[in-house]
Amino acid sequence: MMPAVTSETEETRYGTFLDAKLMVRFLGYTRPHRKWLAAALLLPPLGALTQFAQPFVIQLAVDRHLVTGDMAGFPLLLAALAGLNIFQLVVGYLQFAVNSLLGQRVVRDLRQDLFAHLMTLDANFFARNPSGTLTNRVANDTEAVSQMVSAGVVNLAGDILLLVAMGCGMVLLSPQLSLLVLALMPLVIWVAFRVTRRMRLIQRQSILLQARMTARITEETEGRDVIRLFHRGRAAMEQFDQLNRPHRENADKSNFLEAFQFSFVESSSTIIVALLFWYGGSLMSQEQLTIGVLAAFIDSVRRLFFPIRDLAGKFTTMQSAMSALERIFHLMDTPSAIVDPVSNLATVKKSLGEIRFCGVEFGYDAQRVITGIDLHIRSGERIAVVGPTGAGKSTLIKLLNRTCDPDKGHVEIDGIPVNRIPLPQLRRMAGVVQQETFLFSGTIAENIGLFDPSISRERIRRAAEETGAMSFIQTLPNGLDSILAERGNNLSVGQRQLLGMTRIFAFDPPILVLDEATSSVDAASERLIQAALERLMADRTSLVIAHRLSTIRHADRIIVMAKGSIVEQGTHQALMEQNGLFATLYALQFQASN
Amino acid sequence: MNPPFFTPLRRRLRYLLPLFRGQGKTLTWGFLLLAATNLTAATIPYGMKLATEALMTPTHDSLILYILALIGLALTNAFFRIHSRMTIFGMGRDVEYALRKQYHAKLLSLDAPFFDREKTGDLASRGAADVSAVRMFVGPGFLQSSNVIMAYTTTLPVMLALDPWLTVFALAPIPLVLGSTRLLTRRMYRLSRIVADHFGQMSGFIQESVAGMAAIRAHARENDWNSRFRQETEALCLASLKHSQLQSLFSPMVLFAGSLGGWLILAYGGYEVAAGRLTMGDFVAFSGYLALLIWPTVGFGWILTVMQRGLAALDRISGVLDVQPFLLPELINAPAKTNRWNGHISIRDLHFAYQPTVPVLRGVSLEIRAGRLTGLAGRIGSGKSALLQVLARLYPTPAGMIFMDQQDLTTIPEAELRRNLTMAPQESFLFSAPLLQNILLDRPDATQETAQKALALAALDEEVKGFPQALETLIGERGITLSGGQRQRAALARALAANPVIVLLDDVFSHVDARTEELILNNIRFLSDSHTVVMVCHRVAALRQADWIYLLEAGQIVADGSHETLLSTSQLYRELHDTMTRTEALEALAQ
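Protein chains in written order, with the working numbering: chain A, 1 to 594; chain B, 595 to 1185.
Hints are computed from structural coordinates only; laboratory data are not their basis. In this text, all values refer to a predicted model and were calculated from it rather than measured experimentally. There may be inaccurate statements among the hints.
[To be verified] Taking lysine to aspartate or glutamate and the EDC-like style, the derived pairs with C-alpha atoms no more than 16 Å apart in a straight line are:
hint: 1; chain 1: B; residue 1: K695; chain 2: A; residue 2: E238
hint: 2; chain 1: A; residue 1: K350; chain 2: A; residue 2: D539
hint: 3; chain 1: A; residue 1: K393; chain 2: A; residue 2: E516
hint: 4; chain 1: B; residue 1: K695; chain 2: A; residue 2: E361
hint: 5; chain 1: B; residue 1: K695; chain 2: A; residue 2: E249
hint: 6; chain 1: A; residue 1: K563; chain 2: B; residue 2: D1039
hint: 7; chain 1: A; residue 1: K393; chain 2: A; residue 2: E361
Throw the hints in and build the complete structure from the sequences for me.
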C-alpha cells in the first residue's frame, strides 16, 4: 500500500540514500525475525543459481541435439529445464513472500514501539505536536519503511550477486561475447538509473500537486460560504487551474520517461542481440563459437535487463525510507518530561487521600500560571475551587496527578512527594473527571472501564447504577453494549459528564478530582449529576472546580483563586460575610444560574 | 450511489464521452502509432530468424544486412512506442484534466443545502482518487486493449504460417495467463481494499488515542492501550500478508507462463528441428513471438480490473455532476442590472426551514430602511442566523418573500447581489493564504489601501503590524495561527473591504474583548450612515448602538423597537439583557 500523501510536508522529501547509523538501528528490528531474514538472504542466491543454469541447458539442447538431430537424451534435458522453471517459480514466489512478510513484521514491531513511546510522553508534548503529524509518523512513515523491506532492499546484495552470477555464467560460456555485453552494460545501467530517478522525482511532484488540489477542494468546501458571498467562483477556478494545469504538464514528462524507460530496455536488448549476431558470426567463422552458445547468450541478455530495471527502483525506495526512518527515530528519542523516578520510589499501600501543596509555582514559558500556592487538604475533606477564568484552577489538578511538574515547590499525597510515587499508581489514586469527558469509539461499558481487564462487568454495571447513568443507558438499544456514535456525539454534555463520573466509581480512587462542566446541562442530567457527585464525595477526598451552587454549598471549604494564587478561603458563610471576590462571583455567576 | 448492474454503458459514460469530442484526430493518430509499434515489434523476431538462418550458412549470407535491419527496427520501434504512449496516455491525461476541472467547477456552482448533505473528505477524494481512476480507464485502458488486439492480429498469422502445431503449443499457456491475471488482480483489488480499511482503522485508532491522551493518562491506561494497538497492528499485518502473498505470486507466475511456453516450443519444436521440418531460425523466432504475446495478455487481464474500478469511480463523479444547484446558471452568468443599490430590505411573510419538517423561520415580515443599523436579538436557535443566511441567498427561498430595493431576491443576478451585499458569517473561515489575499480575495479592483482601511475599521491594523510579514503573513496550517478574536476581525475586515451597500454581521464579536468591540462598533456606527448594516447581537454594547432592534423567538418576531423601548416593554428582552450583562461582568473579572 502506498502511504497517503495528504499535504505538502516534510513527509514527501527524499533523504540520503544510505545512513549507516539509521540502518544499523533499523536492522535491530529484524533480529526477532532472524529466521526470515536468513531466508530472505538465502533465497536470492538460489534464484541466481537457476538463472545461472538455464543458459547451459539451452546451449546443450541446441548444440547436442537440435543441430545434430540426435535426440537421445533430449527428454532428460527437457525434464531438467522443466524442473528449473518450476524451481524458479517456487523460489521467485518465496522470495517475494518472505520479503513482504519480513517487511510487514518489522513495520508492525516498529509501529508498536513507536506507539508505546508516544504513550509515555507528557501533556506538553501533545500540546505542541498536532495529532495529524503524530498519526502520520506512526502510520505512514513506518509504511515507507515497510516498502523498503518489501521491495527487497534487504537482499540488495543478493540482487547484485545475481547479476554477478549471470555475468560469470556468461564468461564461462564465452569470454569474447561476454566482453561485448559487459562493455555495453555500464552505459545501459547508467541510463536506467538516471531515468528511474528522474521519473520518481516527477511522480513525487505529481503526487504533491494532486495533494494540493485535494487540499484546495477541501478548503473551498469548508469555505464555500465565503466564496459564494464574495463572488469568487471564477477566481477559485483560475486558482485551481494553476494546480491542475502543471499537473497535466507534469504528466507529459512522466509519460515520456516511462515510455522511454520501457522502450530503452526493450530496444537496447535487441541492439545488443544484433551485435551478438555480428560478433558471434565472425567468431563462428573462426570456429571459436557454436550456435548453441550464441542462443544461450541471447537468452541471458534478455534476462539481464529486468534485474537492472528493478535495482534502479530499489535505490529510490530506499531514499524515501531513510528520511522516514530519521523522523521515526527522532520521535522515539524524544524524552518525556514526566517520568518515574529511577530511584527512591515510594510504595503506597492504602492511600488516605491527604493532599498538600507546598510553595508550588508553575508557568508556561514566560507566562506564570500558578504564582505560589500552599494548601493542605485533609483526608476526606471536600474542597470546592472557584475563581474567574484563567485563575489557574485546572492547573492545580494537573500538578496533582503529574500531568505537569511544578517549577518550584512540591505536591504531596499522604506526605509522600508525588514525583516519588510510580506514575500508574499515582494516577489511580487521583481520579479525574474532565469538563468534557472524552469518549472513545467503542461501547458504553468499554468507555466506563476503559478496557481495564481488572474491572469486571459487574463493577461497571454497579458503577453505572451508582451514578444513575444507568437510567439513560437503559434507554439505548443495547444498554451497556451500545456502541457510541462518533465519540459520543449522540450524548448530551450532561450524559457525558455522568459517564466520566461513572468511570470514577469503577476505578474507585481515594481522591476525586472534578472539573464541572460550565455549559448548561438539561434538568434531568443536572439532578443525576448532583446526586452522583454527592455519592462520589462521600468517602473520598475531593477537589472540585465548581461551577454549580449546590457543589459550593456542600463543600467543607471553598478555595477562591485569582491570578495563580489563593485569595480567599473558608466556608460559604464565612466568605459571604467577607464580601470579597467570592461574594462578587457568587452574585454574578451562581445566583443567576439558580 | 451504486448504479444498477444493467445501467447501459452509454449512460454511465454520459460525462466521459463528451470529453472526447475533438479528440478524433488524436485517437486515430494514437491507434496508427500503436499499430506501427506492434508491427515493428513483430518484425524483430523475424529478423532474428533470418539472422540465425544466415549464421547457419557457411558464408553467413547477408548477415550484416539483417543485423543492421535489426538495429534499425529496434530504434524505429522505440520511436513509435514512445510516441504512441505519449499520444494515448496524453489523451487520458487530457480527459483527467478536463474532468477534474469540470468537477471542481460543479462544486463551486453548488450551494449550501448540497454541502450540508455531503462529507468534505468524500467530495475531495472524488476530485482526486476517482478522477485519477477514470484516467487509468481512458489512457492505459485504451492502450492495453488496442495492444492486445494488435499483438494477436499481427503475430498470430505469422506464427500460424510458420507452424500451426507449434503455435498451438506455444499459446497453450495463454488462457492460463489471462485467467490467472484476471483472478489475481480482482482478488488483489479486493484484498487491497481490506488492507486499506485496516490501515484506516489503525490510523483512526492512533488519532483517537492521541486526542484522548489526557483521559488515557489520567486513568493510567497506557498499558492496555498498547495492547489494543498491538491488536490493531496485528490485524493490519495479517491482512497485508494475505494481500502480499497473492501479489508475490503475480510476477513469478507471469515469468513461469513465459517459460512454460518456451519449454513447450522446445519440447515440440526441438524434435521438428532435429527432423529438419523446422529451421533453427523458425525456432528462435517462435520464442520471440511468444514473448511478444505474453505481456499484452497480462496487461489486458490487469486492465479489465482497472476499467471496472474506473467505471465505478466515474459513477461517483457523475453523481455529483448530476446535482442541480437552486441558483440557476442564468442568474450566475447574467450581468448586473443596477450598479449600486440604496440598501432597502423588505421581507414579507418569510417562511424557511433547513429540513422540511423543522421550521426555522415562521412568517417573518420586516422593513429595513437604507442607512440604518439594525440589530437582531433573541435566544440561541431563535432563527437570527437563519434570517441572515437567507438574506445572503445561501439557502433557497420562494419568490415574493424577500426584496432588495423592490427587486425580488430570487431574480437578482449573482454579480449584482454580491457587489451590493455581503455577510461576515458566524464561523470566521480564512483560507491558508497570506492575510492580504484573505482580505481582498484577489479582487482586481482592490488595493492595499482598501485592505488597510478595512483592517483599521475592524481594529486589527495595529496587531497586523506585529505579524512576521505584516499583510503578507501566511495564515493557517503552514503559516501563523490567529486567535479566535483575530480571525473574527480579519473576516470582518474582509466583508468591509468589499464595500457593499448592505453588510450582514452574524455574531462577529463573540471572541473579541469588550473594549475592542466598542471600538469596532463605533466604526460600524459611522459606516451605517452610508450603509445598511444588519447584525446579530449577543452583547449589550451592540444592542445599545442599534437604531432598531428586532427580537426573535422561535422563528418569529415577537417585538421590535429601540433598546430603551424594548427594555421597558419586553420581558424576554430584559432577561436576555440581564444574562448578557452578567456574562460580560464575569468576563471583565477574568481580565
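Here is how each hint holds up against the structure:
1. K695(B) <-> E238(A): 10 Å, holds
2. K350(A) <-> D539(A): It holds: about 14 Å lies between the C-alpha atoms, which stays within 16 Å.
3. K393(A) <-> E516(A): 11 Å, holds
4. K695(B) <-> E361(A): Violated, because 58 Å separates the two Cα atoms, which is more than 16 Å.
5. K695(B) <-> E249(A): 15 Å, holds
6. K563(A) <-> D1039(B): Cα-Cα ~49 Å, so violated.
7. K393(A) <-> E361(A): 13 Å, holds
Checked against the numbered hints listed earlier, the structure breaks hints 4 and 6; every other hint is satisfied.
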